[in-house]
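Student: The primary structure of each chain is shown beneath.
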Amino acid sequence: MISRRDFLQVSMAASALIGASGFGNWSKLAAQQALTQDDLLDFDTFGNVSLIHVTDIHAQLKPIYFREPEINIGVGPNKGEVPHITGADFRKMYGIEDGSPSHYALTYNDFSALAREYGRVGGLDRVATVVKAIRAARPDALLLDGGDTWHGSYTCYHTEGQDMVNVMNALKPDAMTFHWEFTLGQDRVRELVEGLPYDALGQNIFDAMWDEPAAEFKPYEFYERGGVKIAVIGQAFPYMPIANPGWMFPDYSFGIRDENMQQMVDEVRSQGAELVVCLSHNGFDVDKKMAGVVKGIDVILSGHTHDALPEPVLVGDTIIIASGSNGKFVSRVDLDVRDGQMMGFRHKLIPIFSDVIEPDADMTALIDEQRAPYQAELDEVIGTTDELLYRRGNFNGTWDDLICNALLSERDAEIAMSPGVRWGPSLIPGDEITRDDIWNVTSMTYGEAYRTEMTGEFIKVILEDVADNIFNPDPYYQQGGDMVRIGGMGYSIDISKPQGERISDMTLLSTGEPIDPARNYVVAGWASVNEGTEGPQIWDVVESHIRKQGTVTLEPNTSVKVSGV
Amino acid sequence: MDFTRRETLVIGGATAVAVTLPMPAMASAVDEKINEFTGGADVAEGGVELDAPEIAENGNTVPIEVSAEGASAIMVLAAGNPTPGVATFNFGPLAGAQRAKTRIRLAGTQDVVAVAKMADGSFAKTQKTVKVTIGGCGG
Chain G
1449 MISRRDFLQV SMAASALIGA SGFGNWSKLA AQQALTQDDL LDFDTFGNVS LIHVTDIHAQ
1509 LKPIYFREPE INIGVGPNKG EVPHITGADF RKMYGIEDGS PSHYALTYND FSALAREYGR
1569 VGGLDRVATV VKAIRAARPD ALLLDGGDTW HGSYTCYHTE GQDMVNVMNA LKPDAMTFHW
1629 EFTLGQDRVR ELVEGLPYDA LGQNIFDAMW DEPAAEFKPY EFYERGGVKI AVIGQAFPYM
1689 PIANPGWMFP DYSFGIRDEN MQQMVDEVRS QGAELVVCLS HNGFDVDKKM AGVVKGIDVI
1749 LSGHTHDALP EPVLVGDTII IASGSNGKFV SRVDLDVRDG QMMGFRHKLI PIFSDVIEPD
1809 ADMTALIDEQ RAPYQAELDE VIGTTDELLY RRGNFNGTWD DLICNALLSE RDAEIAMSPG
1869 VRWGPSLIPG DEITRDDIWN VTSMTYGEAY RTEMTGEFIK VILEDVADNI FNPDPYYQQG
1929 GDMVRIGGMG YSIDISKPQG ERISDMTLLS TGEPIDPARN YVVAGWASVN EGTEGPQIWD
1989 VVESHIRKQG TVTLEPNTSV KVSGV
Chain W
81 MDFTRRETLV IGGATAVAVT LPMPAMASAV DEKINEFTGG ADVAEGGVEL DAPEIAENGN
141 TVPIEVSAEG ASAIMVLAAG NPTPGVATFN FGPLAGAQRA KTRIRLAGTQ DVVAVAKMAD
201 GSFAKTQKTV KVTIGGCGG
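First to last, the protein sequences are chains G and W.
Residue numbering for the first sequence follows this note's numbering, starting at 1449 and increasing by one per position.
Residue numbering for the second sequence follows this note's numbering, starting at 81 and increasing by one per position.
In short, the hints are calculated from the structure, not lab data.
As the structure is a computational prediction, the values presented were derived from the model and not from experiment.
A hint or two may mislead.
What the hints assert, rightly or not - Taking lysine-lysine pairs in the DSS-like style, the calculated list, with each CA pair at most 30 Å apart, reads:
{"#": "1", "chain 1": "G", "residue 1": "K1908", "chain 2": "W", "residue 2": "K205"}
{"#": "2", "chain 1": "G", "residue 1": "K1580", "chain 2": "G", "residue 2": "K1527"}
{"#": "3", "chain 1": "W", "residue 1": "K205", "chain 2": "G", "residue 2": "K1945"}
{"#": "4", "chain 1": "G", "residue 1": "K1666", "chain 2": "W", "residue 2": "K181"}
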């Protein structure tokens, strides 16, 4: 009888997609014909340069479940374009068979059933095995980390990012860029960056006072690999002081700064760069626009919006690679660079199926060492879930429904608000909920759960403001998060309208009455960017709520009506 | 009510930013300023470089830079501010470059407008929308 592991090995290799090479004849058809029977880690080494991309790991050291979004709406030039295609449409587009490993890895349907079949994904000890295998084929492959690495777990919070630095150091990346790292506070970021044995890059990290490039972060670095002079230019998250608390890193300013990006590209080209790689935390739609504005970038390794795409997206002569999040995927990009030009590429998005890929023993030991001092706290079971708990989706996710319920009952509020972040793994029905799991979806350095009063008018202003950060048709005005999640209140949203006109029919669910613009409502929320926010930590609020529930059940959330899609 | 003074202040601060949305009524004040600057002459679109962030990190101090080769003066307006006039930079014949950089205060999301008077007496104009947002929900 064929073992479960053998079965997975074969069927996944069959559906893992290998991008075709060569400009001009690149097409989806060619990519599908290039499907091989080779096993998952096998890759027909190509050209003279290999790039390995990991991004948005959010401190997930151990294997997890991660459900991809059902609702991920594109607007303006990105309406109906990847990554804004989900579910069956996504599978059809890439020729993915229903029920296949790629279905499980890349789409949301039948998630709980497939999760039981295929198991957890990620785990940095499995990632280490993949990286080692690629380096065995190409010893001088470049490993690039797109950031959001030093954030998102119990141990990362308590060690102020040290656990992730220790583990990533063992993976030996060549460079990284940044986003949530800055929420550790600028002093801690500087301390960690100073000790990094690899490059900390960001052409858009500026000194806030002088509006000049910040001294601690290089805009780019050169690497000589396979006889090719490669320039890697960093692009940190552009809207850090807006989307996250700017008071935690007051010395720094960010922004897209695409004019400076063009200058950097011209500068590295004039210094002899034959291949220009941008290691970006812009988010996918911003990267697509930037690829059209800035000339001369060969490869953009895209992060921030957590999209996983089995093929690169081409904009002019630039290829954009999206490598998912939470340690679920590793991208390998092989390039043929000759005469100072990228002549072709071969790409593979490698899903990290934790039951298929053998963990690297040294890395497992190192990870366990980071977690050992906290093991008892991590493993404590707080409750169980009858629901699939997930976060991704433009308007809600069951984890946030649960968090909003916790805020409403524990903080005695009429309305709850939970930030539209995209990190946080999933749990499947029947799973125990440990403290580790709760922190994976709540951990941050500004997790205070405030309780305050807001007028109906001000609540609408907040919804309109956040909606425009997602649905503004110009990607440069988007911040790459999802809609703020609302508990206790329903609303309608027409995403095609301009700011100020999208939100209507705001209704207080407890009474069924329309929200009165002039009345004050008691609102509980968390993750305020304002300095001095007071309240208990959100993970304590959620833990207390789950303890009282014992077994978590949720009503289906139908409180947001969406139109204008 | 479990409600501290500090929380009130925090929310109050956010409100001040949020409710000052761009007002179309200001358009006439902007046109007036431009007319005053140009003496009613035609204004061509483009020909002035205006560098400003897409989304302001802090609406109270937004860095902007204007330049127009050969210009004798560049006027900067914040179209949505209660008083749209920001500054007019004059460049003498010995100026090495017609370029100026400063920080401005924006009451809310609005267009920043730059109008340049060129050496030949013609006028050029460009504008850019700068968003001022509450923020706080990036992923």
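Student: Now tell me, hint by hint, if it's right for this structure.
Tutor: Taking the hints in turn, this is what the structure says about them:
Proposed proximity of K1908 of chain G and K205 of chain W is contradicted: the alpha carbons are some 35 Å apart, above 30 Å. The straight-line distance between the Cα atoms of K1580 of chain G and K1527 of chain G is roughly 39 Å, outside the 30 Å bound, and the hint therefore fails. This hinted pair checks out: K205 of chain W and K1945 of chain G have alpha carbons roughly 28 Å apart, not beyond 30 Å. Note on K1666 of chain G and K181 of chain W: the hinted pairing holds, with a Cα-Cα distance of about 24 Å set against a maximum of 30 Å.
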